[in-house]
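Enquirer: Given the sequences, and given the hints that come with them, work out the whole structure.
Here the protein sequences come in this chain order: A and B.
Its first residue numbered 1, the first sequence is counted upward by one per residue in full-length UniProt numbering.
Its first residue numbered 1, the second sequence is counted upward by one per residue in full-length UniProt numbering.
Derived pair list, reagent style BS3-like, types lysine-lysine, alpha-carbon separation capped at 30 Å:
no. : chain 1 : residue 1 : chain 2 : residue 2
1   : B       : LYS162    : A       : LYS32
2   : B       : LYS34     : B       : LYS105
3   : B       : LYS6      : B       : LYS36
4   : B       : LYS267    : A       : LYS80
5   : B       : LYS50     : B       : LYS100
6   : B       : LYS6      : A       : LYS198
7   : B       : LYS162    : A       : LYS80
8   : A       : LYS197    : A       : LYS255
9   : B       : LYS261    : B       : LYS141
10  : B       : LYS364    : B       : LYS261
11  : B       : LYS6      : A       : LYS167
12  : B       : LYS249    : B       : LYS6
13  : B       : LYS156    : B       : LYS100
The hints are simulated quantities; they were obtained by calculation from the structure and are not laboratory data.
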Amino acid sequence: MSQLKDAILSVTASGDKAFIPYIMAGDGGLEKLKPIILRLQELGVTAIEVGIPFTDPVADGPTIERAGERALASGTTLRKVIETLTSFADEITVPLVAMTYLNPILAYGVEQFAADASVAGIRGLIIPDMPLEESEVVHPALTAAEISLVQLVSLTSTPERMERLTKASEGFIYAVTVNGITGARSSFANELEAHFKKIQSYTDTPVLAGFGISTATHVKDFGSFCSGVIVGSKIVDSLVAEDWEAIEELVKASKLAANEVGI
Amino acid sequence: MTTGVKGRFGRFGGQFVPETLMTALQELDEAYDKVKNDEAFQEELHYYLKNYVGRETPLYFAERLTKECGGAKIYLKREDLNHTGAHKINNALGQALLAKRMGKKKIVAETGAGQHGVATATACALLNLECIVYMGAEDVKRQALNVFRMELLGTKVVAVEKGSATLKDAVNEALRHWVTNIDDTHYILGSAMGPHPFPTIVRDFQRVIGDETRAQILETENRLPDAIVACIGGGSNSIGMFYPFVEDKDVALHGVEAAGKGIETGKHAAAIYSGQTGVLHGAFMYLLQDEDGFVQEAHSISAGLDYPGVGPEHCHLHDIGRATYGNVTDEEALEGLKLLCRTEGILPALESAHAVYYASKLVKTMAPDDILVICLSGRGDKDVHTISEALGGDLA
Ligand SMILES: Cc1ncc(COP(=O)(O)O)c(C=O)c1O
Chain A
1 MSQLKDAILS
11 VTASGDKAFI
21 PYIMAGDGGL
31 EKLKPIILRL
41 QELGVTAIEV
51 GIPFTDPVAD
61 GPTIERAGER
71 ALASGTTLRK
81 VIETLTSFAD
91 EITVPLVAMT
101 YLNPILAYGV
111 EQFAADASVA
121 GIRGLIIPDM
131 PLEESEVVHP
141 ALTAAEISLV
151 QLVSLTSTPE
161 RMERLTKASE
171 GFIYAVTVNG
181 ITGARSSFAN
191 ELEAHFKKIQ
201 SYTDTPVLAG
211 FGISTATHVK
221 DFGSFCSGVI
231 VGSKIVDSLV
241 AEDWEAIEEL
251 VKASKLAANE
261 VGI
Chain B
1 MTTGVKGRFG
11 RFGGQFVPET
21 LMTALQELDE
31 AYDKVKNDEA
41 FQEELHYYLK
51 NYVGRETPLY
61 FAERLTKECG
71 GAKIYLKRED
81 LNHTGAHKIN
91 NALGQALLAK
101 RMGKKKIVAE
111 TGAGQHGVAT
121 ATACALLNLE
131 CIVYMGAEDV
141 KRQALNVFRM
151 ELLGTKVVAV
161 EKGSATLKDA
171 VNEALRHWVT
181 NIDDTHYILG
191 SAMGPHPFPT
201 IVRDFQRVIG
211 DETRAQILET
221 ENRLPDAIVA
231 CIGGGSNSIG
241 MFYPFVEDKD
251 VALHGVEAAG
261 KGIETGKHAA
271 AIYSGQTGVL
281 HGAFMYLLQD
291 EDGFVQEAHS
301 ISAGLDYPGV
311 GPEHCHLHDI
321 GRATYGNVTD
331 EEALEGLKLL
341 CRTEGILPAL
351 ESAHAVYYAS
361 KLVKTMAPDD
371 ILVICLSGRG
381 DKDVHTISEA
391 LGGDLA
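Expert: Right under this line is the structure:
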């Protein structure tokens, strides 16, 4: 049972594509977390990925890294993010997916983290510096708290590995679209469609594309061969610029109607 | 934290890296497994170590230092006499040869003091590999001479302004570069740290220090030493020195961490002393961090010890009590440095000076016919500006 997976499947069943924006908690101050989450869910996003800042974010590109530095400078910690989310958890209607490096979870205490995160509305977890092989350190506690541990599949994953990752992934499969770190990009490799088909062939868990997706065209293009997208750096930039129109446009591109009338 | 399958030293180590790196680590693991027992590879490595690096390095009886300290006999393992001035070349050359075997044409590396950067730049010039080195902007300033040397050797040096702008941030950038250029690039990690198989590869390429020392001391003294002392940054010169002696329970192993401005000031790099464990740069290890799990900046006068973690094998040796880890402040290291200059005419690297100072105290607790070996990991030419500044001179 995964609330996260169900939420995605109910979106795709209607013909729309899943749209998961990534936000950096505490960028601009933690008091912004609530209004941003409430407004995003009003726009009709499927779930929200809540980034936790870390001192050494090796999987992140400059945009998210800088957002993380701003969040750290404003005193954001994993504990404070969970407290803040908990304070308005009853108003949260979409599943939250926390993205945090492993060390803050270890410092928090794995069991305590899982229990508190669940109360805060966190239904999924992405740990970018923890491959499947190392996941036993958190997995039992997450299962007990009904938090789905999402695996990333990269372009470099061998077929054998891809199969293992896909089968282990909970909630959805985070298919990384480029070799590299997070950040906006203009072009993607041509073979992506085949890559996504291959991943989906192993599982009925929805496959979502992430890393580098930054335009409505990207959203539609990826939507044509997978279950949806995760948009990070572009959302982070738009939130800093308070450009909600840009965000709305991206969300709209994931809807069936947009694709039918070709907006 | 004993759950991961690969590359554990007790509860430490592992492969805590983004998925994109996992295939590369597996390839590296397999490639290394092949060359480890490949005679042709080992012969080629040995050829370069002998004729290019200048091995074996002397194990030198420091008679005047011994007299001055008053205690056990002190020997110096002269890694400072290696080509490029430190032990780092042992590993850089080994990994560069390994990269060639893997068909990789490009190399990325991080560097703190610049010694690993220079060693890697050197190996790349020798073997015709393209090389890019990430270095914290702070260290670029502290080690200007080494930056210049790397550039002369044809390497591109990129200053990292992020975070604390020191070694840990250089590792972050080197990892990012590697993830992005995984197809044609090998990452030559400079210490016995990072994700498996790096701690093992680096240790194996550095164990030549301990292997030689063992043969040399048996030859001159007809017995093993009573104690060995080495400084700890990421832990490569020390693990290379310790490893061949781990089974010899009568040989006391002492690692020396940097206490910076003093442990009590919080401005230090003594990760094992801190007692805190965590995950950074692919490994579970002792790690300087705050209560929220954020990694803390390390502080040391020596750029090469300025790292908040320590290689997983050392963490394990500490846990099982096989090695002892002490620490030495900036000020004490400078004293050790002056002591060695004055008594032996050897200017050690600031990193190695930590080991010298620690040993100068340790020998006093030992008998006069006991034997202590210091791993003199590098020479101090690179540090003259820092030393001058610290001693109130105006060279800097
Ligand atoms: C001369 C010297 N000694 C020691 C070190 C510390 O590294 P490690 O602990 O890996 O030997 C360095 C690192 O740059 C160095 O240059």
